[in-house]
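Visitor: Single-letter residue listing:
There are 2 protein chains.
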Amino acid sequence: MKRFMLTWVLFILCAGTANLSLAQSTVYTPATDLTLVGKVLPTQQVYHRVDTADHPDMPPAVKRLLTNSAGLAVAFKTNSTTISAKWCTSPRTTLSNMTAIAYEGLDLYIKKDGRWQFAGVGRPNGDCTEYTLVRNMAEGEKECLLYLPLYDETTSLEIGVAAGATLQPLNDPFQKRILMYGSSILQGASASRPGMAYPARMSRAAGLNFLNLGLSGSAKMEKAVADMITTIPADAFVLDCVPNSSPDEIRERTAYLVNTIRQHHPKAPIIVIPSTVRENGAFDQEVGKRVQAQNEQIKQEVAKLQRSGVKDLYLLSYPRQLGEDHEGTVDGSHPNDLGFDRMLQQLQPQLLKILRKCDLAGR
Amino acid sequence: MKRFMLTWVLFILCAGTANLSLAQSTVYTPATDLTLVGKVLPTQQVYHRVDTADHPDMPPAVKRLLTNSAGLAVAFKTNSTTISAKWCTSPRTTLSNMTAIAYEGLDLYIKKDGRWQFAGVGRPNGDCTEYTLVRNMAEGEKECLLYLPLYDETTSLEIGVAAGATLQPLNDPFQKRILMYGSSILQGASASRPGMAYPARMSRAAGLNFLNLGLSGSAKMEKAVADMITTIPADAFVLDCVPNSSPDEIRERTAYLVNTIRQHHPKAPIIVIPSTVRENGAFDQEVGKRVQAQNEQIKQEVAKLQRSGVKDLYLLSYPRQLGEDHEGTVDGSHPNDLGFDRMLQQLQPQLLKILRKCDLAGR
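Those protein sequence lines, which keep their order, are chains A and B.
Using full-length UniProt numbering, the letters of the first sequence correspond one by one to residues 1 to 363.
Using full-length UniProt numbering, the letters of the second sequence correspond one by one to residues 1 to 363.
Partial selection, computed: residues in chain B whose CB lies under 10 Å from chain A:
#, residue
1, T94
2, I101
3, R115
4, F118
5, M137
6, K142
7, S190
8, S192
9, R193
10, M196
11, F283
12, H326
13, E327
14, V330
15, G332
16, D341
Keep in mind the hints are simulated off the structure, nothing from the lab.
Here a beta-carbon is modelled for each residue, glycine too, at the ideal position from N, C-alpha and C.
Hey, can you work out the whole structure from these sequences and the hints?
Guide: What follows is the structure, encoded as structure tokens:
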């Protein structure tokens with residue numbers, strides 16, 4: 001017992017010293033003093049995606065999801081050899097099909113040889129965490145991109161660098177604005193960390209700003225949501241909302257969403273993504289039939305709209321879905337990083353081809 | 001308020017009815033009446049991997065980890081169109097770099113066209129959960145393989161099928177016994193679900209029983225652990241313990257582990273895997289140097305042992321590590337499913353080639 005007490009006292013002392021040394025040597029700056037990347041619309045609470053007070057008729061679930069910081073990142077440059085963060089999120093805890101790092105943690109990329117490269121994560125520990133994402137780096141200035149939690153509300157965020165080091169805003173590294181409206185899969189379930197959400201991967205790969213309006217389980221094309229979407233300044237609109245919409249909802253709501261976007265954004269391409277495979281649908285016949293019906297319905301709706309004269313409306317195709325080994329999901333519905341990779345290998349070239357055709361992407 | 005109360009009462013009634021209907025129509029059988037696949041050694045608590053009382057000198061962390069059910073699966077056949085499970089795990093909760101499904105959930109595969117195919121997961125909800133993994137299946141007998149939690153202790157498990165349906169043990173579908181000793185990466189961090197741990201993937205791909213002796217953070221080749229490993233009946237031994245062992249530990253301990261295995265298993269091939277890349281080591285120079293030193297050291301030790309006359313000792317190589325995009329980990333250290341896939345593409349052919357040469361794997 002005596003030995004146990006001594007160990008415990010030593011532990012508390014050491015933990016205290018470690019925190020003290022972190023606190024002494026690290027200088028924190030609010031992320032709001034740096035560059036916020038991926039904003040869908042300006043908001044009062046800076047890490048929300050849309051101010052829901054402006055759109056009172058939207059469903060409650062959509063309003064709640066718009067407080068999640070999915071797709072947001074902070075861009076900065078520093079010559080610090082260590083990068084830390086202090087952040088707080090809501091009291092909610094991680095879903096069983098996600099890591100806490102993806103749900104409420106941070107994900108740091110640093111430019112290396114002209115490309116964004118993964119550098120470290122911020123592991124959440126309760127609602128407020130202080131964490132060193134990377135240490136022992138070489139001297140010299142680094143360009144950094146820190147992704148925020150995908151599924152939680154971020155209520156505060158500060159970036160920490162070594163005392164005496166520089167810390168400055170970095171210009172938004174991404175061009176144009178491609179608004180992506182969709183389901184949990186778009187929001188980032190179940191990427192292993194925030195930077196692995198598929199719009200974030202496409203942004204880094206193509207240098208374009210794919211804005212994440214993923215609304216987990218709630219991308220159902222309601223009129224109030226469609227009206228909100230049309231207020232978003234964007235050069236193109238990608239719709240990945242088929243997985244959440246029933247065949248009936250797809251039949252009843254697609255035309256309004258597409259026509260309303262077209263009315264407010266006459267030149268923006270509108271690109272529709274069919275539902276990804278539901279791997280549990282291989283055995284659960286009801287699930288299998290539903291996905292087939294959703295994809296049949298969206299195909300019909302897009303064809304109808306194209307015939308009615310809507311220009312620059314495209315439907316992508318999924319020639320090989322998430323892979324022939326059926327291992328691309330965490331739970332049958334949500335791609336894991338392997339599934340996302342296979343998804344991007346198919347969708348990204350199609351998407352970029354359209355954006356290039358519309359002069360929105362480089363060769 | 002009145003409306004809220006009414007909603008709440010209705011919710012409770014509905015939830016009660018749903019549970020009741022699940023309870024009425026589902027018949028549960030203890031998993032111990034079925035076939036347990038992947039057992040390292042016989043144990044008193046059936047879902048432990050090794051009885052630690054038999055090896056009192058092992059480090060406490062190793063003893064605790066041996067209570068985790070990593071690598072265990074239940075094999076059965078049933079004509080039920082629905083498969084449920086009731087299971088309990090310890091009060092521990094998921095690590096921030098894992099999903100709860102992987103840490104303390106279940107993962108079901110069903111034979112389809114001669115191959116094991118993912119069918120559904122058991123999402124944990126607290127320490128004890130009842131969950132339907134798949135429903136609405138076609139009639140007919142199915143061969144099933146249900147993977148247990150990777151990182152938690154499983155204290156009980158029952159398989160549920162529809163009342164009146166058959167449920168019988170299925171013969172162990174895997175041949176031979178390939179003991180794999182290694183780190184968290186082997187144990188399954190950070191696969192998205194239990195069946196995605198890399199030994200499980202190799203077992204399904206090759207039809208061989210790769211036994212999971214992954215010891216998260218604690219695969220350090222201690223003498224007492226080496227002595228325990230030699231008691232395990234196995235046709236081959238794979239050592240993936242470099243990531244947890246310091247260069248000094250590798251220098252001091254590899255020879256004892258390899259020689260002791262060879263002494264007790266004169267004909268079993270011993271196959272060593274170098275440490276996977278640490279993606280955070282691209283920026284953290286200390287981490288980068290350590291991995292390089294670990295891999296240099298294991299190369300020297302294996303070469304020394306080969307020169308000293310140890311036959312059938314192999315060191316695999318990692319020509320392309322986890323991919324040129326550096327996206328193959330959840331946190332810098334632990335592969336995500338994408339990283340595991342890239343790892344297997346490189347290691348599995350080398351491993352199977354050796355096992356074939358030793359007549360342990362088919363052509």
